[in-house]
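*Asks:* Start from the sequences, fold in the hints, and give me the full structure.
Residues per chain are reported as follows:
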Amino acid sequence: MDIMQKLTILADGAKYDAACTSSGVGRAGGQGIGNTAAGGICHSFSADGRCISLLKVLMTNYCVYDCKYCPNRSGSDVPRTAFTPQELADLTIEFYRRNYIEGLFLSSGILKTPDYTTEQMIKALEFLRYKHNFWGYIHAKTIPGTSPDLVYRMGLLADRISVNIELPSEASLQKLAPNKTKQSILAPMAQIAGGVESGKELVRYKNAPRFAAAGQATQMIIGASPESDYQIIRLASGLYRRYSLRRVFYSAYIPAVEDTLLPSVDTKPPLLREHRLYQADFLMRQYHFDPEEILSEEMPNFNPYLDPKCNWAINNIERFPIDVNRAPHEELLRVPGIGPTSAGRIVTARKTGSLGLAELKRIGVVLKRAKYFIIAKDQPAGLRAGKESTVRALIDPGVFSFGTEQMSLFGPAGGRLALPGAKDVSSIAEAAEEAVLCLAANL
Amino acid sequence: MPGGKPLAEPCDVIYIYDGSFEGFLCCVHESVYSRELPQSIVPEGELEPTLFGQRRIETDSEKARKVYASIPAKISKEALGLVRNIFLSCLKDKELATLRFLLKGYRIGAGIMQMLGEADVAVLLKAERHVMHESHLLKGFIRFSDYDGFLAAAITPKNFVLPFIASHFIERFSGEKFMIYDKAHQAALVYRDRKYEIIRPEHIEFPQASETEEKYRELWKRFYDTIAIDARYNPKCRMSHMPKRYWENMTEVKELLKQ
Ligand code: SF4
Chain A
1 MDIMQKLTIL ADGAKYDAAC TSSGVGRAGG QGIGNTAAGG ICHSFSADGR
51 CISLLKVLMT NYCVYDCKYC PNRSGSDVPR TAFTPQELAD LTIEFYRRNY
101 IEGLFLSSGI LKTPDYTTEQ MIKALEFLRY KHNFWGYIHA KTIPGTSPDL
151 VYRMGLLADR ISVNIELPSE ASLQKLAPNK TKQSILAPMA QIAGGVESGK
201 ELVRYKNAPR FAAAGQATQM IIGASPESDY QIIRLASGLY RRYSLRRVFY
251 SAYIPAVEDT LLPSVDTKPP LLREHRLYQA DFLMRQYHFD PEEILSEEMP
301 NFNPYLDPKC NWAINNIERF PIDVNRAPHE ELLRVPGIGP TSAGRIVTAR
351 KTGSLGLAEL KRIGVVLKRA KYFIIAKDQP AGLRAGKEST VRALIDPGVF
401 SFGTEQMSLF GPAGGRLALP GAKDVSSIAE AAEEAVLCLA ANL
Chain B
1 MPGGKPLAEP CDVIYIYDGS FEGFLCCVHE SVYSRELPQS IVPEGELEPT
51 LFGQRRIETD SEKARKVYAS IPAKISKEAL GLVRNIFLSC LKDKELATLR
101 FLLKGYRIGA GIMQMLGEAD VAVLLKAERH VMHESHLLKG FIRFSDYDGF
151 LAAAITPKNF VLPFIASHFI ERFSGEKFMI YDKAHQAALV YRDRKYEIIR
201 PEHIEFPQAS ETEEKYRELW KRFYDTIAID ARYNPKCRMS HMPKRYWENM
251 TEVKELLKQ
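The listed protein sequences derive, respectively, from chains A and B. Residue 251 in the numbering used here sits at position 251 of the first sequence, with consecutive numbering throughout. Residue 228 in the numbering used here sits at position 228 of the second sequence, with consecutive numbering throughout.
Hints may contain errors.
Dumping the calculated DSSO-like pairs for lysine-lysine here, alpha-carbon to alpha-carbon at most 27 Å [as the list claims (entries may be wrong)]: (1) B:215 x A:123; (2) A:377 x B:177; (3) A:361 x B:92.
So, partial list: chain A residues that the calculated Cβ filter (under 8 Å) puts toward chain B [what the hints assert, rightly or not]: (4) 33; (5) 48; (6) 300; (7) 301; (8) 349; (9) 363.
I should point out that these hints are in silico values taken from the structure, not numbers from a laboratory. Quick caveat, the model's predicted, so the values are computed rather than measured. Where a beta carbon is used, it is the ideal one built from N, C-alpha and C, also for glycine.
*Replies:* The following block contains the structure:
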């Protein structure tokens, strides 16, 4: 099979993996080719709007496992192929030299055994690092069941290594990925976490290989199994804590396979839900929210109309307004319309004088939202607005762009609020207005 | 710069200068010493018909040097960095905006850099962020072609980004020979034998791509098309992250522009 066909099959098999970031480690260039940028760099955006940073491919799409949701599961009838380690290394280098990519993201189906497959992957990475002297970004995914010493060797070659948690609960894992066990996933995760941590402490001589310097990540599929949003963010929060993960990625399930255990193939991917999960994840990582502040047993799913931060604000309206000229940094962060950047700028700018709305606007605060929640120089008592105008300003304008099929997910049965399904109303404006009334009534 | 009250009065004159950074600094000198705030400061050749009077400001390196030294001395090093960056930006009327900032800065001192809500400061910081953002985007969006071991790429940025992206590519491709040609500003970053320079060519014509080069372009396009998930098709989102004006120089999307 020629390289064009191989690339097509092995990129197609890797495309559902959500992680493509190249961030987390800055490394200067040396004698060879390549370096890494701590902030990460997107080299392109595909037609679905996702960042392309890494050459994201499988080593092979042969697989002895039979995960129900996977187009490459052993029982599926698809063309199979594998890169040779050298082919993959050459392709990576040629793409890298042309600045198409930031590096390589390598995962794989399982050819023969997890160990055999991992050895092939390691060979490819060794080609890159030692033959091509490549010091760009490498993210490698371990295969559940791989022996610890191979995981370790892979960690020395890669900048980031990850084990996919796959599904948000053990029960779903048993049902949909029968060859994988919670143990086979968590054991390497714990091993990697240990490796990353000890790597930080060791006094190392120059050029010593460093174990997965950009840390580890994981991803889970959303919408193939019945877990609530609350369960998912609690799981994520626990993973961040226990395994010192850098990132958890959420991947909206896209039905590619017909199976009675799975949502039917004409189910639309839950993109809005995935979007809300990333927002909640960001709140936990960057704004110090606890999962319990975002959702609860009583309200286990996201509000489709409000992003989680706005949702928190209107459910805690008695904490506002807060004084932008006095409030500590962490309180500023809780105001809708103030992000980490503008919060930092406020703290700097207010040293030189009291801030009013015009100054806040120039600083980059989204006043349309923030003004309902703050005290500023020219708004000393806060803005006394009705519930409805407050809610109207907070409604996420993006929500309707995800398509109406999403709404049913959060329909009357699902959430605490009886929100209208957008398909019941003739226009988006009407749907938004109905949502405003509904949310305001519940305040 | 003299102390005292350098408060400049708005006046009806337009300064014309040679377009260089030194020339601009001499405009600052003129404004400070004649205590006037011109209507505008325009590089020669870019002046549009106007009713205002014009004054040609000659470039004098001694004056320029004085003004240059006054910025870190009277304001701060950061302020000097900002002013230099703004001069490479595409901010409309950047000269006048910078002059207003400097006049205020001479009065206030280092604290001006913290006055993020002040209009005269915010305008510059926003323009600087634009330069940095465009430079960051281009670190990803630049596409090299391999011409017999020499890598070459063309860009058409709004800001003069070459100085901001140079070190990134030099570090990354330290063992290569390469060129990044900025068609919009008619300048090129050339790196070979571990040395670099920014040259100002009239025009650069790229050679025909070799068969191998074509092969990698095709592989890259195939990867690009394959990696998108149809069920998530979202051209609006793609466009907001990767504005169309960059596409003309990008192998994988160039042809989409024709459709
Ligand atoms: S291990 Fe499971 S998810 Fe991975 S390729 Fe095989 S069948 Fe697919």
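*Asks:* Decide, hint by hint, whether the structure agrees.
*Replies:* Hints and how they fare:
For the suggested pair residue 215 of chain B and residue 123 of chain A, the alpha carbons sit about 25 Å apart, so the restraint of at most 27 Å is met. A distance of roughly 56 Å separates the Cα atoms of residue 377 of chain A and residue 177 of chain B; the hinted pair therefore is violated under the 27 Å criterion. A threshold of 27 Å between alpha carbons decides the hint, and for residue 361 of chain A with residue 92 of chain B the separation of about 20 Å falls inside it, so the pair holds. Interface restraint check for residue 33 of chain A: the shortest CB-CB distance to chain B comes to about 6 Å, inside 8 Å, so the restraint holds.
Here the hint on residue 48 of chain A is kept, as its CB sits about 4 Å from the closest CB of chain B, short of 8 Å. With its C-beta approaching chain B no nearer than about 25 Å, residue 300 of chain A sits outside the 8 Å limit, and its interface hint is violated. Taking 8 Å as the C-beta cut-off, the interface hint given for residue 301 of chain A is violated, the closest approach to chain B being about 21 Å. A distance limit of 8 Å between C-beta atoms decides the matter here; for residue 349 of chain A the minimum to chain B is near 4 Å, and the interface restraint holds.
With a least beta-carbon distance of about 5 Å to chain B, the hint placing residue 363 of chain A at the interface is held under the 8 Å criterion.
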